[in-house]
Amino acid sequence: MSNVATPAFGAPDFDAVVVGAGPAGSAAALELARAGRRVCLVERGPYPGAKNMYGGVVYGRILDTLLPNWWEEAPVQRWVTRRQTMILTETAATTLDVRNEAWGRPPYNGATAYRPDFDAWLAQKAVDAGAVLVCSTTVTGLLREDGRPDGKVVGVRTDRPDGDLTAKVVVACDGVNSFLAKEAGLYPTVDPANYTVGVKETIALPRDVIDERFGVRGDHGVDIEILGCTGDVPGGGFVYTNLDTVAVGLVLSLPELSRGDQRPEQLLARLKAHPAVAPLVEGGDVKEYSAHVIPEAGFDMMPELVGDGILVAGDAAAMCLAAGIWLEGVNFAIGAGAAAGRTAARAVQRDDTSAAGLAGYRARLESSFVLADHRRLRDAPHLVMGELAQQKMPRVVNGVVEELFTVTNPDPKPRLRTILRRQMKRHGVKWRDAVKDGLRAARTFG
Amino acid sequence: MLVAACVKWADLRPEVDPVHGTVRSTGRSDGFSEADRAAVEVALGLAEGWGARVAVVCAGPPAAEAGLRELQAVGVDRAVRVDLAPDQPSEAVAASLAPVLSALLAADVVVCGDYSADRGSGSVPAYLAHLLGAEQALGLVGVAAHGDDGVAGVRRLDGGRREDVVAGAPAVVSVEGSVATLRRASLAATLGAGAAAVEVVPGRPDPRAEAPRTEPWRPRARHVAPPEGDDALDRVVQLTGAFVERTPPRTVELEPAEAAQAVLDQLRAWGYLEPPGRPD
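Chains L and D supply the protein sequences, listed in that same order.
First residue of the first sequence? That's 1 in our numbering, and the numbers climb one at a time after it.
First residue of the second sequence? That's 1001 in our numbering, and the numbers climb one at a time after it.
Take these hints with a grain of salt, some might be off.
Facing chain L, from chain D, some residues (calculated, C-beta under 10 Å) [stated by the list, open to error]:
hint : residue
1    : Thr1026
2    : Ser1029
3    : Ala1145
4    : Asp1149
5    : Gly1150
6    : Ala1152
7    : Arg1155
8    : Arg1156
9    : Gly1159
10   : Ser1186
11   : Leu1187
12   : Thr1190
Keep in mind the hints are simulated off the structure, nothing from the lab.
Glycine included, C-beta positions come from ideal geometry on N, C-alpha and C.
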């Protein structure tokens, strides 16, 4: 006989099962375990963070309440002290460059990190608090009360032999394209237009070369967001620095990508060859190529967040914020996961994990930055992915800047409004459309 | 009766510098190789047929204990970790595993992977068989129980031929990774394995396994008596050896071995080498 103990049948195996040991799942498990609940954190990969795929920066302010002084032990690569927004055409680039040394001191602002390190660290916090982590286990479906299709969720089924796991509440943090949220009927419709695909290369370069190319020192790093680098496919790009690697990637509209004849790696190769990007990454050794689907449409694609016996958090609930100048996901996932964990813990304590008993989750999110930001910026993804921002605005901006700084002696310098009018006409931008989108942007960001 | 599987904790996907060939382990991809996992499955299968117990013995660091608990979840009854530093030679690994297998576990049949994932030579099973005084059948591509305590195996030969071999207990066999796929643990066992006990036994590291020194050779310092004399010039003359009759250069014509000996004798005479009988 093995010396491995098996849990007793009858009562639920756990108070809560959290599916997915990403930032949302680990935060939920951490809060549940701290509240004294029996929680099982189920992870599909061999270890948390096995995919190492995300857009670049972890904004850790949300961790202040969860893990005070987190920056002293979090596995950070570099603290982002320099942010750039780069607008490209085929041969030109206009860059807004912001540098702030205060972001390189406690309590810091954003950091680059390897997700295998970061996710494993956060999951270990949950385990230290009492959560049980089970890796290499895929959740394949939901268990329903009395086996009825519309019954209350009472656990999950996994791909392991005898793999049913019963619980009073299930927290679905199974990432974008959440099968659990769909099975629970929380996603009424799924529109591919709401999704993008992200591709990323991680390129090894010596640390001093990165410091020199990006103009930083020590553990300070750079995050660059790029617009106008994806050809005919709506999307954007990014470059960010780790200690001895540079990540360069693209986020591309899924329907447009599938309609076109260009593959993501071709577009990425083009970005790497751009005169503004090539000097940053050339000579490096590609260590990793990865791809991932991203829920781009934010608030407008969010599912019902609460069902009978189930909560949804993180990318599974489309909580990635893709609002042009703000590209954030990990902090929203942690915030939502923590709120889900607190709600679930309280519902278990009151012995009411029905949809009504879990309804406080949405209220928690509404009163926090998670839904407040998403609600306010709900139009931003549509603005950013629109034709004006994607195709015309980069050409107008670079055209204006080019004319502004090209000395045309003996002709006198043209007036700015003349340049602007000329460039808008050249690139087919109507004043009416510009004003309309400008007002939308003012309403969204203002 | 007890069937033991020997496994090694190693980095399955280390980073290799393409220019310098330097191998760097990140620790993220540590685990048991497919051959080792096949060995555990073979041990479980043999034990089921014989109604025997199964133990797994692992040479590795504390991080291996998580992997051993996963093996306990699939049905291994007892797990022992032999605390041994990495990069030990096969002889030292076998010398550390053998007493555990014989004295602690009294294993009748030992199953190993054909070679470890960290550039192993595959010689540990042979050393084990020698130290345990057991029959051996190595590099098997098929294994089955033979009678009540024997193992029948198929071994790969040149030219696509196969060889049937039989080993009776006590026996050491090693298997290729393709022989079997390790069964998947049930969820309940996986959850329970988190608290399963792993015994830890100190290993026997080979002192010769220490990396050789590669620093330049420096002769040891010699004691030189201080110069005598009241006058500084006299002392300097003494120290420098000026005005002292020196040994004139000489030419010798000898056979190579004798010439080498003459050079060594002269170096010793000058004090650059220790006298015979003392380590250099």
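Here's how the hints hold up against the structure:
Evaluation of the Thr1026/D hint against chain L yields a held restraint, the C-beta minimum of about 9 Å falling below 10 Å. Evaluation of the Ser1029/D hint against chain L yields a held restraint, the C-beta minimum of about 9 Å falling below 10 Å. Interface hint status for Ala1145/D: violated, as the beta-carbon distance to the closest one in chain L is roughly 21 Å, over 10 Å. Because the smallest distance between the Cβ of Asp1149/D and any Cβ of chain L comes to about 21 Å, over 10 Å, the interface hint for this residue is violated.
The restraint placing Gly1150/D at the interface with chain L is violated, with a minimum CB-CB distance near 25 Å, outside the 10 Å limit. Of the supplied interface hints, the one on Ala1152/D is violated, with its beta-carbon coming no nearer than about 27 Å to a beta-carbon of chain L, more than 10 Å. A least Cβ separation of about 32 Å between Arg1155/D and chain L goes past the 10 Å threshold, and the interface hint is therefore violated. With a least beta-carbon distance of about 31 Å to chain L, the hint placing Arg1156/D at the interface is violated under the 10 Å criterion.
For Gly1159/D, the shortest C-beta to C-beta distance to chain L is roughly 39 Å, which exceeds 10 Å, and the interface hint is violated. Because the smallest distance between the Cβ of Ser1186/D and any Cβ of chain L comes to about 4 Å, under 10 Å, the interface hint for this residue holds. Among the interface hints, the one on Leu1187/D holds; its C-beta lies about 4 Å from the nearest C-beta in chain L, closer than the 10 Å criterion. The beta carbon of Thr1190/D is positioned within 10 Å of a beta carbon in chain L (closest approach about 6 Å), and the interface hint is therefore held.
Hints 3, 4, 5, 6, 7, 8, 9, counting from the list given before, are not met by this structure.
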